[in-house]
Amino acid sequence: MAVAAPAAGHGHHVHPKRAAMNRVGLWLFFFSESIVFALLAMTRFYLKGIEIDKVDQALGLGITIILLASSVSAFTAETAIEHDRRTLASWGLFITIALGVLFAFGVAFEWYTAEFTKDSAFGTAFFTMTGMHAFHVISGVFMLGLVWAQLLRGRYSSKDHWPFSGIVMYWHFVDIVWVFFYPALYLVSTPK
Amino acid sequence: MYAATSVAGGLGTGLISFYIGIAITAALRAAFGYNAWDTDLNVTIGFVFGLIGWIMGIGAWGSWGREWFGMKTYARKAPGWQRYFTFCTDHKVIGIQYLVTFMIIFFMAGLLAMGIRTQLAQSDSTFLSNGQYNAVMSMHGIMMVAVAVAAVIGGFGNYAVPIMIGADDMAFPRLNALSFWLVPVTAVTLLTTPFLGGLDHGWTAYPPLSVFTNSSQTLFDLAIITFGLSSILSGLNFIVTIIYMRAPGMTWGKLPIFVWAMFTTAWLALLYTQGFAVALFMIVLSRVAGLSFFDAAKGGDPILYQHVFWFYSHPAVYIMVLPGLGVFLEVITHFSRKPLFAYKYAVGGFMGILGLSGVVWAHHMFTSGMPNYLHGPILVTTEMISIPTGLVFLSALGTIWMGKLWLRAPMLFALAVLVNFACGGVTGIFLADVPTDIHLHDTYFVVAHFHYTIVGGEIFALFAGIYFWFPKMTGRMYNERLAQIHFWWMFIAFNVTFFTMHWPGIEGMNRRISTYPHSLQAVNLFISISAFSLGASFIPFIWNMLYSWARGPVAGPNPWRARTLEWQVSSPPPLENFPTPPVVRDHPYDYGVPGSVHGLFPNAGAPAPAPAGGGGGGQ
Ligand SMILES: [Cu+2]
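Residue numbers (our numbering), protein chains in the order written: chain X, -1 to 190; chain U, 618 to 1236.
Careful: at least some of the hints might be erroneous.
Claimed, not checked - Straight-line distance between alpha carbons at most 30 angstroms, and here's what the computed DSS-like set of lysine-lysine pairs gives:
1) Lys46(X) <-> Lys1021(U)
2) Lys1021(U) <-> Lys871(U)
3) Lys1021(U) <-> Lys116(X)
4) Lys871(U) <-> Lys15(X)
5) Lys157(X) <-> Lys15(X)
6) Lys1021(U) <-> Lys961(U)
7) Lys52(X) <-> Lys1021(U)
8) Lys15(X) <-> Lys915(U)
Unchecked claim - Across the chosen pairs, the derived CB separations fall in these ranges:
9) Thr735(U) <-> Trp25(X): 24 to 30 angstroms
10) Ala106(X) <-> Gly870(U): 36 to 42 angstroms
11) Ile860(U) <-> Lys157(X): 24 to 30 angstroms
12) Trp25(X) <-> Thr622(U): 34 to 40 angstroms
13) Val186(X) <-> Gly682(U): 40 to 46 angstroms
14) Phe29(X) <-> Asp1050(U): 54 to 60 angstroms
15) Ser88(X) <-> Ile637(U): 50 to 56 angstroms
16) Arg1202(U) <-> Ala96(X): 16 to 22 angstroms
As the list claims (entries may be wrong) - Not everything, but these chain U residues come out facing chain X in the computed CB check (under 8 angstroms):
17) Met618
18) Gly687
19) Met688
20) Ala864
Because the hints were derived from the structure by calculation, they are not lab data. Note that the Cβ used here is the ideal one computed from N, Cα and C, for glycine as well.
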């Protein structure tokens, strides 16, 4: 939503600092979102300390690697469009979307096979945190899809790629959230 | 008719999407072998669909959504008053949309207060059943909280801030329109809660009650999360606007004080609103997905809710009061015809409040069973907030001191803020101190205290702002005699009502309960009668506004001979505000300083029609 936010008010002139305003606006949106994630993480520590129930460590590590890799492909795509290399940008977006979908399936699988239940404190925290994060991943995939569809139809160039950059920034943000959530849910102690 | 098609389009797509969401949920539930109807879950999914449908239908699709799919955007170009019913991105239209919407909500919530006082006029009254009383009390609370959070920010913030800093609009005009059009959803959703059983937990929605009660709770959660989204987005918009859209020469040290207040408030909204949203989100998850955040038997903890909730809801007090204090200082300096005293200290006061407000939330929880070691530190931080607040007061007092006070309605309301907010501050000390709070917690003393701070502080400032900017917004002058009647009536009735209310509080009369001991009968009857009088005091106001908007005398660009930029353009200002871009030279409040000019219009050839300053008072 915030990604597509900008564009000048009445269209007949563009504010000279428009690019900076867009970026700062998006950063403020991330700042605000990170408080949502931080509150959820605090909830987890408030209810359960650093205790961990039986989580699937191999799966957790796997989806983490997938998500980190998707940030690399997203970065590649953005750098490519900045140099007008459209084919590379398109492949970068495609790989990012594919890895994002893979990550979401990984979370779904973890939910399906989890040995703890939702009506325990750890389960409550785990499902809420991973669910909220997965919601952001899925909405990111959706927005990446919109950008990809327009890229394929010839939009965006080195001079005009704000929505492209905006969604890639969003993707990095979602990735960084997971960098905090992964240890909070999988690594802070050894499961009993 | 643009207005009708716009609103009908929004309502149509909204309702259709709502039912589609419900149908999809029911179908999926049936497909997976569950009972197709689960009120909480189906309504939640339906709400999300309906919200998107409404926003797109009211105009976001045409002027925004189409862009995401690579199509050309368009905007409804409605003429005249019909703009107010479209997805209009003009900040002045949005400001008035906010102001009128919240005045309507204010009066509806005020009528509910009359219902509360009718019930409490007698100790054994049967005017309302217990359930009805809970619903009326809760609705009064949450609607007034919404008014307090958004009326000044959304109304004056949107209307005045861009003009005061010399900008043509907000930084993200479409985001601004989106922020406003989320509000009717919140209002309508709250108003439908009685159909699902009615709220019964006050505006705070503490679990476990809010998890186990009827499904109106889910509507409440969704409405407030939506409202929170609106607050956060408009906070973001104000921050970027104030950083990037200031006119040449409008340095941080020359920013009008109301803009400073809005800047700090915007940060508060951006940083803390998530607390309320996340707290209510956890309740939704507990209700629709059976998660156990607050169920002690399953490892949860109800106190968790209070921490997260008050993490927002104490700073919310400042989200309400800071813009009010901004209007207050703004009016004080214009009507004292003197430079604003200790401008930098007032700004520092706003900053100090911004900094401290995040570390005091647990003063609402002294009796809730949180760890004892938190009591001392929270007591100290809470009392420390009086230091930055004191700086703001100092600024006001120093400005009034030896000034030539021009006692028109805006100034009277601003002076009343000084009196009322001081009373609210003094009674706050007893609630911040743990030993006295343990006695006073959850009594009418608390009710009196927060009505003194929020109504006495912010709502009086809201009326100061309405009278102050009315000529700018409408181009017409209000009737001064009616305004003065409104002021004295409201000021006296307010103080009689709420000052008296401390007494039953000290006697231990519990808030939020529909009955009370018979011994408190007389004082409650007295409070009820003065509350009815307070309610009636708005009749001259409403008449004055409606009549003057239509028939009032033409006000001219600068009836107050004020120096800030919004008074240097016509009333109401043209689209995009400034025919020629302004340049700022001197401080906005240099009344009586020879040769000082705040706003210049170099391309227009002549300096702004700024007042000479000095003793411009007298009527
Ligand atoms: Cu508080």
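Hints, one by one, checked against the model:
no.	hint	verdict
1	Lys46(X) <-> Lys1021(U)	62 angstroms, violated
2	Lys1021(U) <-> Lys871(U)	23 angstroms, holds
3	Lys1021(U) <-> Lys116(X)	67 angstroms, violated
4	Lys871(U) <-> Lys15(X)	21 angstroms, holds
5	Lys157(X) <-> Lys15(X)	15 angstroms, holds
6	Lys1021(U) <-> Lys961(U)	22 angstroms, holds
7	Lys52(X) <-> Lys1021(U)	74 angstroms, violated
8	Lys15(X) <-> Lys915(U)	53 angstroms, violated
9	Thr735(U) <-> Trp25(X): 24 to 30 angstroms	51 angstroms, violated
10	Ala106(X) <-> Gly870(U): 36 to 42 angstroms	55 angstroms, violated
11	Ile860(U) <-> Lys157(X): 24 to 30 angstroms	25 angstroms, holds
12	Trp25(X) <-> Thr622(U): 34 to 40 angstroms	38 angstroms, holds
13	Val186(X) <-> Gly682(U): 40 to 46 angstroms	42 angstroms, holds
14	Phe29(X) <-> Asp1050(U): 54 to 60 angstroms	35 angstroms, violated
15	Ser88(X) <-> Ile637(U): 50 to 56 angstroms	33 angstroms, violated
16	Arg1202(U) <-> Ala96(X): 16 to 22 angstroms	58 angstroms, violated
17	Met618	24 angstroms, violated
18	Gly687	5 angstroms, holds
19	Met688	10 angstroms, violated
20	Ala864	12 angstroms, violated
The structure shown violates the earlier hints numbered 1, 3, 7, 8, 9, 10, 14, 15, 16, 17, 19 and 20.
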